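Q: The chain contents come next:
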Amino acid sequence: MIALVDCNSFYASCEQVFRPDLIGRPVVVLSNNDGCIIAANKEAKALAHIPMYEPIFKIKQQLVDNDVTFFSSNYTLYAEMSQRVVNILHRFSPTVEVYSIDESFLDLGASRVQTYQACGQDLKQTIFRDTGLPVGVGIAPTRVLAKLANKMSKKLPEFDHVCVLQTEKDRLRALRWCSINDVWGIGKRHADRLRRIGVHTALDFTRLPLAWVRKEMTVVGERIWRELQGERATELIIDPRIKKGIGTAKSFGKKLKDIGLIEEACAYYVSEVAEVLRSQHSCASTLQISLTTNYHSNKDAQYSNSITITLKIPTDDTFVLISEATKALRAIFKPGYRYKKVGVNLLGIIPNDHLQGNLFEDFSMNSGSLSKTLDQLNVKYGKATVGSGTLGRRKKEWELIKEDRSPRYTTQWKELLTIKV
Amino acid sequence: MKIDLKGRLTHKSERHSAGVSQQSGFPSPATHYREPSINLHQELIGNSDATFFIRVCGHSLSEFNIMDNDVLIVDRSVPPTSNLLAVVIRDGNFEIIRIPKEGMTESMIFWGAIIYTIHRAR
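Quick note, the sequences are listed as chains G and E, same order. Numbered by my numbering, the letters in the first sequence go through residues 149 to 569 in order. Numbered by my numbering, the letters in the second sequence go through residues 17 to 138 in order.
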């Protein structure tokens, strides 16, 4: 049996662990640079007139009027809390697929029938006791059904956040309950189309002939169909394959006209993604840089462009990547605009042990050792302690605004939770 | 499956590690006696996934030997038994109490047990 454990409104819950005064009250978390709402707890979602994904400046007054507490995103805290949850899951099963920051699948093996409910309760209670985070647990024979069980555990109060689909009766009830657009993996387009031919629930879907599903919805549809029948068609991904692309694109704290500052920000992001690249022992063969103005503004002239360059040889060297990125940036930069965002993407990622040298290029295996030393120093002494000179000292000029970020309670001595007595 | 982990976790012991001498001249006679240095986390923390550090600000807890600016090591997985020092929530605020003989009162929510106080000697 497979369990899907996911944290209820994870970002907001992380904040509430350290702010008990906010329990039972609406809380939202804003995206990088406080652009829009990216997470809301149950109480905030109940205030239906607060639109998610709307630029924050348009709705800030509404939040204040409704007594909604908002936080800038504190990914350092969320990542650390997430790791705690994953560690706890490993006490229950050696096979854990970390699906996202707040969702994991566990293979519970074939325990005795009556124990799944107890196991789900135990998962829920242990995670809450140890971390303060509330979770929902769905347990079923396949990943797609576990996802469905998890949804039921939250939507139907009788389950109280633990739902086990074990018998054929449980399964049919779940399929009948689940509308076709809520089936994991079926996109809006397919769902619309299915509804037009009279498929409204997951149960209707499983009654379609497999040949039709395979023809119209490819192998992906077929897997969902099989998994809904209770047949395992996907396996847990314990060791995620190397990412095909690593990228970052963050808005500046303010609009920038000066190419020097944009170059600094760009170099900083390159050094961040290069570090990820090295951590997964791979090299990138393609670099993509994008530059955009603020499309929300109707006062400013708009310009955006991006450039993709193929590196002579794949590399993981921060300094090579920064120098290439800077050249690329200069090629697309046009003076006179107020820029909002620079994006860096590494593509064509190849594991180091598959590298092929270029016959005409100097291919030294030692080239990345300076970058590796940087990584070690930065792990030991804190992020961006050392780096390329291009990073400069003017980070304040372009750094993200995180005005309302909560303290990094679990990773910084200076930001510990403080109790006044 | 029932997993109960309220007490200490037992860690894999990381004691003896044989190695090759790093010295270029006469090899170190200590090579086969190396052990990892003392690690406070290992000694003070039973369940690291449930442990949080909290700073105290103020002078009113000297009866518990907790002074201004001390750091508490708080383990959420230790059950709230009587006489234990604990962090609790009352009316949405954190408080530090000694859990009374009768156990927790209804107006309080247990947050975690204080297992150590880090106090700077002055």
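Treat the hints as calculated values from the structure; they're not laboratory data. All figures in this text were calculated on a predicted structure; none of them were measured in a lab. Wrong hints could be hidden among the right ones.
As the list claims (entries may be wrong) - In silico EDC-like links for lysine to aspartate or glutamate, alpha-carbon gap of 20 Å or less:
1. G:562 <-> E:86
2. G:193 <-> G:228
3. G:568 <-> E:79
4. G:568 <-> E:111
5. G:392 <-> G:423
6. G:562 <-> E:84
7. G:568 <-> E:107
8. G:317 <-> G:352
9. G:402 <-> G:448
10. G:568 <-> E:51
11. G:398 <-> G:420
12. G:568 <-> E:86
Q: Evaluate each hint against the coordinates.
A: For each hint, the structure was consulted:
Proximity of residue 562 (chain G) to residue 86 (chain E) is assessed by CA-CA distance (about 13 Å); at most 20 Å being required, the pair is judged to hold. For the given pair, residue 193 (chain G) sits about 25 Å from residue 228 (chain G) by alpha-carbon distance, which is inconsistent with the 20 Å threshold. With a C-alpha separation of about 16 Å, the suggested pairing of residue 568 (chain G) with residue 79 (chain E) holds against the 20 Å cut-off. Distance check on the hinted pair: residue 568 (chain G) and residue 111 (chain E) sit about 8 Å apart at the alpha-carbon level, within 20 Å; holds.
Taking the CA atoms of residue 392 (chain G) and residue 423 (chain G), the gap is near 15 Å; set against the 20 Å cutoff, the hint holds. Our distance criterion of 20 Å between C-alpha atoms is met by residue 562 (chain G) and residue 84 (chain E), whose separation comes to about 15 Å. At most 20 Å may separate the alpha-carbon atoms for a hinted pair to count; residue 568 (chain G) and residue 107 (chain E) meet this at roughly 15 Å. With a CA separation close to 16 Å, the supplied pair residue 317 (chain G) and residue 352 (chain G) stays within the 20 Å bound.
Among the hinted pairs, residue 402 (chain G) with residue 448 (chain G) is consistent with the structure: their alpha-carbon atoms are about 13 Å apart, no more than 20 Å. Between residue 568 (chain G) and residue 51 (chain E) the alpha-carbon distance is near 41 Å, which puts this suggested pair outside the 20 Å criterion. Restraint check for residue 398 (chain G) and residue 420 (chain G): the C-alpha separation of about 12 Å stays at or below 20 Å, so the hint holds. For a cut-off of 20 Å, the pair hint linking residue 568 (chain G) to residue 86 (chain E) stands: about 11 Å separates their Cα positions.
Hint compliance for this structure: hints 2, 10 are not met, and every other hint is.
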